[in-house]
Amino acid sequence: MITLLKYEIYRRWKWLVIRYAALIILGLIFFNRASASPMQYDIIAASMGKFFLISIVVFAIIIVEGINMLKEDLFESSGYLTFTLPKSERSILFAKNFLLFVQLFLWALVSIQFGTMFLKLLPLEEVSRYMAEIDLPVYPAILFVLTAFFNFVLMVQFSLTLTRTLLYRNKYSGIISVGIFFLLAYLIENFYYGPFLNQIKHAYIEIGTSSASNIDLLSGGYTAVFLNIILAIIFFTATAYLLENKINI
Amino acid sequence: MEYILTTKQLSKYFYQKKALEKVDINIEKGKIYGILGPNGGGKSTLLKLAAGLLKPSGGEITIDNKNPGVYTKSIVSYLPEANYFYKWMKIRDALNFFKDFYDDFDMERARKSIEFMKLEEKEKITSLSKGMLGRLKLALALSRKAKLYLLDEPLNGIDPVSREKIITSILDAFNKKSTIIICSHLIYYIEKLLDYVFFLSEGQIILAGEAEDLRNKRGISIDRLYQEVFQ
Amino acid sequence: MEFNNCSPIYLQIIDNIKQDVVMGKLKTGQKMPSVRELAGKIKVNPNTIQRVYQELEREKITFTKRGMGTYLTDEEKIIKLLEEEISDKIIQEFINGMNKLGFSNDKIIGILQEYL
Numbered sequence: 001m002i003t004l005l006k007y008e009i010y011r012r013w014k015w016l017v018i019r020y021a022a023l024i025i026l027g028l029i030f031f032n033r034a035s036a037s038p039m040q041y042d043i044i045a046a047s048m049g050k051f052f053l054i055s056i057v058v059f060a061i062i063i064v065e066g067i068n069m070l071k072e073d074l075f076e077s078s079g080y081l082t083f084t085l086p087k088s089e090r091s092i093l094f095a096k097n098f099l100l101f102v103q104l105f106l107w108a109l110v111s112i113q114f115g116t117m118f119l120k121l122l123p124l125e126e127v128s129r130y131m132a133e134i135d136l137p138v139y140p141a142i143l144f145v146l147t148a149f150f151n152f153v154l155m156v157q158f159s160l161t162l163t164r165t166l167l168y169r170n171k172y173s174g175i176i177s178v179g180i181f182f183l184l185a186y187l188i189e190n191f192y193y194g195p196f197l198n199q200i201k202h203a204y205i206e207i208g209t210s211s212a213s214n215i216d217l218l219s220g221g222y223t224a225v226f227l228n229i230i231l232a233i234i235f236f237t238a239t240a241y242l243l244e245n246k247i248n249i
Numbered sequence: 001m002e003y004i005l006t007t008k009q010l011s012k013y014f015y016q017k018k019a020l021e022k023v024d025i026n027i028e029k030g031k032i033y034g035i036l037g038p039n040g041g042g043k044s045t046l047l048k049l050a051a052g053l054l055k056p057s058g059g060e061i062t063i064d065n066k067n068p069g070v071y072t073k074s075i076v077s078y079l080p081e082a083n084y085f086y087k088w089m090k091i092r093d094a095l096n097f098f099k100d101f102y103d104d105f106d107m108e109r110a111r112k113s114i115e116f117m118k119l120e121e122k123e124k125i126t127s128l129s130k131g132m133l134g135r136l137k138l139a140l141a142l143s144r145k146a147k148l149y150l151l152d153e154p155l156n157g158i159d160p161v162s163r164e165k166i167i168t169s170i171l172d173a174f175n176k177k178s179t180i181i182i183c184s185h186l187i188y189y190i191e192k193l194l195d196y197v198f199f200l201s202e203g204q205i206i207l208a209g210e211a212e213d214l215r216n217k218r219g220i221s222i223d224r225l226y227q228e229v230f231q
Numbered sequence: 001m002e003f004n005n006c007s008p009i010y011l012q013i014i015d016n017i018k019q020d021v022v023m024g025k026l027k028t029g030q031k032m033p034s035v036r037e038l039a040g041k042i043k044v045n046p047n048t049i050q051r052v053y054q055e056l057e058r059e060k061i062t063f064t065k066r067g068m069g070t071y072l073t074d075e076e077k078i079i080k081l082l083e084e085e086i087s088d089k090i091i092q093e094f095i096n097g098m099n100k101l102g103f104s105n106d107k108i109i110g111i112l113q114e115y116l
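Chains as they are written, first to last, in the working numbering: chain A, 1 to 249; chain B, 1 to 231; chain C, 1 to 116.
Read the hints as simulated data drawn from the structure, not as lab findings. The C-beta atom is built at its ideal place from N, Cα and C for all residues, glycine as well.
Some but not every residue of chain B turned toward chain C, in silico, with C-beta under 8 Å: (1) Lys31; (2) Thr168; (3) Glu191; (4) Lys192; (5) Leu194; (6) Glu212; (7) Arg215; (8) Asn216; (9) Gly219; (10) Ile220; (11) Ser221.
Let the sequences and hints guide you as you build the complete structure.
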């Protein structure tokens, strides 16, 4: 697995460095601009907004790259090299997704750090009021978003792998994998999260009537993260199973 | 008798197409085999099944008495027809890659082979011509001390000078502990290398035998025999 | 070394070597190239070369010195036998060829006398 990971990093190390360096450097530049103009909330907001955009762009790049890591081995002739290596398909998949996970974590770390720094420039009362209005448990929410996007990639990987398994070399592969993805998303939305989302809604309503305790809400948030993790394991295992036993390269 | 590769009633279907139909083959160690036949006849399919890239639809295939998997991939050196290199690689990267993943990779031999094939380590994969890629693939595949070499059309798209180099490389790699299986329709150039041949067409073996035996019995070259059989 | 792919290669190589011995291209007692060397030189399967050497050894045309390699015999009597064998073969082929064209054996003798 280490060797696999080594090459997943090595082949794109320059891009990785550029990506995070840009995020950090631009973050610092915008933060400087913001902190140099205290009390000028429009400038601070503008800098914050710009950093937010950069952050989203980097995030999108990480996600797309995560999908491509598997897609190229499934649909291009480099698959002949990858899948004849004396490594289990599971570890090949794991190496790719481990890198994805590490990147998401790094991105989150940097973005949240800067986010916090920016927020401190804003007047404290306004921030607290803002946070109270949203009523969002922060850490579970962040984890939920991260794990949700990680799942997004895993779901796409599964869709692509399933398509490749069912249709050995077909020009409609792209459309079909998109179709499979949306089908899965729909099923998960309704049968997996559905019941659980209702629970969250309940929790919010109860807070509105200020009867629910903080602990309930927090556990609600972390439950979502837990569900995501389970889902991630399911998709990873399913994709690995197809790669090991069913797929024809 | 110890066989390095065995198939029992091996079948492979793609939708309606029968790529291989109940094929039985036994491959001995220390020999060079030729699997000959027209395109689409099943040659590549058989090699890919041995390489572990395809899964059998029916029957079984074993390499060194094991089903295709991590172990067999470590003792099998597969040379596909396609260009399977990662686009980001330079030749040097490819050498290191093989060294990192394959314990049986001989770096010294690989470097000499690269030189012999008139290639330079600093060249990018994306800048290589089809012929250069063919030579590179072969140099790498044969620099592994594998138990089974699967060469799928190694001479396709290769100029005459390189062709001789490739044949020399194949002979150099040969040893009593290894087996080489070559698929090619350029029979004329490789038939002197072959111990045993299989003629594979429409997923079935229609003729098999020792090369010298077939020459003796039929009084013609394997090349000529192929033309007669496949008109 | 010349041979074609239309008849067993190992037999052709054996013939070639025998001819080379008779013609003096290969010196008696000379060390023969190893199986790999010869295989690489004429681009032939090493197993075929192995078979060649086994046959030559069986006919006592070559012998193996343990750890040192294969050598051509230097026994006069064997070389003489080879000469006879080769010339017999050529003559037989010639006669067969001529018979096929319609020349009787008496005619062949007459033609030969004139020719030579």
